[in-house]
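Chains as they are written, first to last, in the working numbering: chain A, 1 to 335; chain P, 1001 to 1335; chain H, 2001 to 2335; chain U, 3001 to 3335.
In silico DMTMM-like links for lysine to aspartate or glutamate, alpha-carbon gap of 20 Å or less:
| hint | chain 1 | residue 1 | chain 2 | residue 2 |
| --- | --- | --- | --- | --- |
| 1 | P | K1251 | A | D266 |
| 2 | P | K1132 | H | D2258 |
| 3 | A | K326 | P | D1333 |
| 4 | H | K2232 | U | D3221 |
| 5 | U | K3326 | H | E2220 |
| 6 | P | K1132 | P | E1279 |
| 7 | A | K247 | P | D1201 |
| 8 | A | K326 | P | D1221 |
| 9 | U | K3117 | U | E3311 |
| 10 | H | K2132 | U | D3266 |
Rather than coming from a laboratory, the hints here were simulated on the basis of the structure.
There are 4 protein chains.
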Amino acid sequence: MTTLKIGVAGVGRIGKIHLENILQHFPNIEIALVADPSEEAEKYVLGKNLNFSNDYNNIIKNPDIEAVIICSPTDTHANFVERAAQSGKHIFCEKPLDLSLQTVVKTLDIVKKSGVKLMLGFNRRFDPNFLKIKSMVDSGKIGDPQILKITSRDPGPPPISYIKVSGGLFMDMAIHDFDMARYIMNKEVVEVYSRGAVLVDPAIGDAGDIDTALTTLTFEDGTMANIDNSRKAVYGYDQRLEVFGSKGMVKADNNFPDNHQYFSADGIHGSLPLNFFLERYTTSYLNELEAFFKSVQNGEDLPVSGKDGLEAMKIALAALKSVMEKRPVWIKDLR
Amino acid sequence: MTTLKIGVAGVGRIGKIHLENILQHFPNIEIALVADPSEEAEKYVLGKNLNFSNDYNNIIKNPDIEAVIICSPTDTHANFVERAAQSGKHIFCEKPLDLSLQTVVKTLDIVKKSGVKLMLGFNRRFDPNFLKIKSMVDSGKIGDPQILKITSRDPGPPPISYIKVSGGLFMDMAIHDFDMARYIMNKEVVEVYSRGAVLVDPAIGDAGDIDTALTTLTFEDGTMANIDNSRKAVYGYDQRLEVFGSKGMVKADNNFPDNHQYFSADGIHGSLPLNFFLERYTTSYLNELEAFFKSVQNGEDLPVSGKDGLEAMKIALAALKSVMEKRPVWIKDLR
Amino acid sequence: MTTLKIGVAGVGRIGKIHLENILQHFPNIEIALVADPSEEAEKYVLGKNLNFSNDYNNIIKNPDIEAVIICSPTDTHANFVERAAQSGKHIFCEKPLDLSLQTVVKTLDIVKKSGVKLMLGFNRRFDPNFLKIKSMVDSGKIGDPQILKITSRDPGPPPISYIKVSGGLFMDMAIHDFDMARYIMNKEVVEVYSRGAVLVDPAIGDAGDIDTALTTLTFEDGTMANIDNSRKAVYGYDQRLEVFGSKGMVKADNNFPDNHQYFSADGIHGSLPLNFFLERYTTSYLNELEAFFKSVQNGEDLPVSGKDGLEAMKIALAALKSVMEKRPVWIKDLR
Amino acid sequence: MTTLKIGVAGVGRIGKIHLENILQHFPNIEIALVADPSEEAEKYVLGKNLNFSNDYNNIIKNPDIEAVIICSPTDTHANFVERAAQSGKHIFCEKPLDLSLQTVVKTLDIVKKSGVKLMLGFNRRFDPNFLKIKSMVDSGKIGDPQILKITSRDPGPPPISYIKVSGGLFMDMAIHDFDMARYIMNKEVVEVYSRGAVLVDPAIGDAGDIDTALTTLTFEDGTMANIDNSRKAVYGYDQRLEVFGSKGMVKADNNFPDNHQYFSADGIHGSLPLNFFLERYTTSYLNELEAFFKSVQNGEDLPVSGKDGLEAMKIALAALKSVMEKRPVWIKDLR
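Looking at chain A on its own, in the form it has when it is part of the complex:
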């Protein structure tokens, strides 16, 4: 297999994950340039003996780079994607493409015209548990899926400074669950009803966001999904999923650091779930890159498209509108 030359934009928390995965697991991927404005990133990247620039633009300008991995802040995504597309570079971009629906639509249009491949970082699709659920649903094991239930709770809220630029709970956090709902059910959502509340920290409310939400999705055929989100589960990262259908039910529990059970005089005790998304979704981050590289190098289909990003975003916007207007919102009525 011929080597693929890539550029990596942004080496914050998630950028480092991707960088390490590429170095360790993809011998045919050559990291031609890493760009990030921060000094901390510079030191880190140079320690890896990789080419580094403080200017994202240098990735675009490098004609040898065939694909880009975009892990820079959200507000740089759309512009970077457009320019990468116009330069003929394939694109893996962390979600979301942008917080504005218009911008996303416009950007996807540019990508489409350019002919490059664009994959959004909905990494949870590549988690072994959810992949198993997906394959069982697709194989007909549960018959027609009727009710989907997703539990998605973070171990603790991010800093208020992050909350303020995050796009809010639905766009920042629940968007993964909205994508998962479409992915598992293989159907489009037509209506969204969400109830939100500030139960974890009043400062989150002061920042204009909510920290707890319960969402009902209705699909085109009348089947339904329920998603509950909280910014703070004191017992750790809680990521569960259950699909109920005409022929059965399948569900996935959390992942744990070990499987011991301790029996003492006051009860039976076990370990808490893996506490953070970097630990829980280690495998999924690796798998999603593999899928992207396979698609670019071998011409295989992309497992996550730009449209997937757009549809998940619409659900997030409808959920927010539903909370604000205290009524169910139809996807088709957005904008």
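Chains P, H and U: place on chain A using the hints.
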């Protein structure tokens, strides 16, 4: 302890459960008369060497009877309760009191004036699992409860003939879950949003009912509950509950006939949940009668009041209205 | 069905279990007489409106009594069984028949000649979990059973006074496991190797007994069983079983009072197993009596025979001898 | 940290595991030379751009190499270890050192005199589950450990050709469990009783080995361990451990590829355990190398010593002798 004389009205499926429980477990309860219009019931009751009448009225007319257990059809409940109350007899009545909100309000008013005790048969409150959850919530183990999730699925739909007179999925089936939500959360519901569908059997739709529903309850303080109902879970009776709070989470799984695990070359296998409410809730039926008799005999507080029946009913009516009008419905706006 | 007249000898802890079960569940069984020398028993039995005598002999002397339930102390069993057999009364006797192998052999001989039915109280054979395991083994689900593992630990040791007359850990406690091993494997044991220790309470050692044991049973075909026993599991009554075979493995876990799971910041927690044999084996006590009465009334085969008692006892004796002589002991070399 | 130069002898199945782990996870370890007589190995190693030789001796002869990883066949271990020790190279060696007790004793003596570090590849000590159990036992969570139970079953037997040179079930397979027993209990074994059988494949018996075994270990203080081994569990690799003590019990279950549960009309189903030691013990292989390198580079204590290898081997020899002579064998009587 002095003996309490009671009458039992109706010995169908649930009436038999109560009758057997009384005979086996309550030596201080004397069944003075059992009434039921059916011949099958007559044969059954006489086989137990108990006094029998084909006319429910004879229970009311018997001045020795101090308390009644009402297991007759729903459309007889309100009238029977009123007359029993007016005769000074304490009342245990299967839910619902009536399908009409006005009738229920009027009946509860009569009961209140009469001074007799009235307990509704919300047996699930007495299930060991849910009692455990309740005690953990009440003791503060999970901090402030924020999200309640109830799964309540039947192993199969009742006959269409029953569906037609049942009051519908919300009034007949989900009403137990609505009561459970108030019981666990210790708060009143202010808003209800339900999505319903006919996914199990079109004949249920033809009968004017739904067979699948997803309901969001919002409580007075902004906390929330989600309830999913299906008339048909092919793997059996699915009754689970989970409460998430500021300091932890507690959940209850189904009950099983045994706890074996079988490991074969094609997977790990276990028994399905207990398949029907009579098996799953055996203990709760016994416990609820014990609570009723204790209240009547020892003057202890009733654990389920007429108001509990009324509030659960309001939620059911709001859920139905929500499905019909495709919008959230406020409890205070009912009628 | 015609009524069977029985006598119950001994109403200590286990006698009361049987008495209550008979009164509540077997309408065709008439308790003609209960005998027990203690005053406490007298008060208890008279409170049930049953005929009572302080003399066991009066059961034997009553010609109307067709069957006896023997729950009196172990040292009365053999003599009572012999006389009941000679009086033509069918016998249900708590284990063990006697602590002396010779006496047991002699007693069984007398029973055999008399033609009455004798069932030993190996109640665990009737536990729903072990019945499930048994049926799966018998149906070939695990292929040829190769290794059996039994965990059998009490929540706490009995009083030293009881230990002294109990016959020791193997005869008093492990004998249930030895019977279970034969029952599940459907084979005879040929060799026993046990290691015993005093790890719980030195007073048990002073009383000439052990409180912890690990036993290897070898069956006639070379397959094996392992049993571990302790007089004190601080987390409650621990009764588990696992059978490994050529086509799979099946195991049974403990029973629990509820199935809640509590997730707090310091772990996941669940309830301890049911704490005592009366709670854990409630159903098995009922089932074994049903089997006995069916056999007597309908002529069905007895599910536990006198020979079963004898064989389990031989294993217990071999285990004790193995501990004493620090070597494996062959069953055929006993006596 | 300064770079450590190592040589790797043997790149069969386990050698490749170590090689990949070193390349991916230990940037400060330089693989100076890989040696293996096979052509397949040559191609594999050259593909990694590493120095290769067909002659193990070239590792010893290279004065720059500071440490060796020995993954060559068992019959080369002792000689290689001796020569590496005499050349002043630290040694990580796959178990066993040799099949002869005398050779092992002699080799350890040479190593001791040389002053180099020698670590045996008892990788299971580094498995996250067993590490958790170990830490809980060491911290006193279960009080005094009294009974240890290990289940260790392979998914299928190795080829007969391998069986013939393996040293037998105890030396090849159960030796890991014998080491684990000493590791968890922190005590020396004084007596061994094993029962062995050929239940999986008669060809294994023909090759002079057994395929199924049940072993009782007695420790110096009278506490006990039970180990059951089978060469074939049709449901996959079964590696469980349970320690029972005066204050509680702790156990570890198997690892699974996912944690889904599927509920269909005929039962509840889950995935089988990870099917092979390479998958189950992935993390432990990485952790053991890390421990070795830390010890060599930072002067930390070795977590597994040559004596650990010797003691586990003695238990294996005693187990074999016990099966042959049908009696318990004391470790002190070996030789």
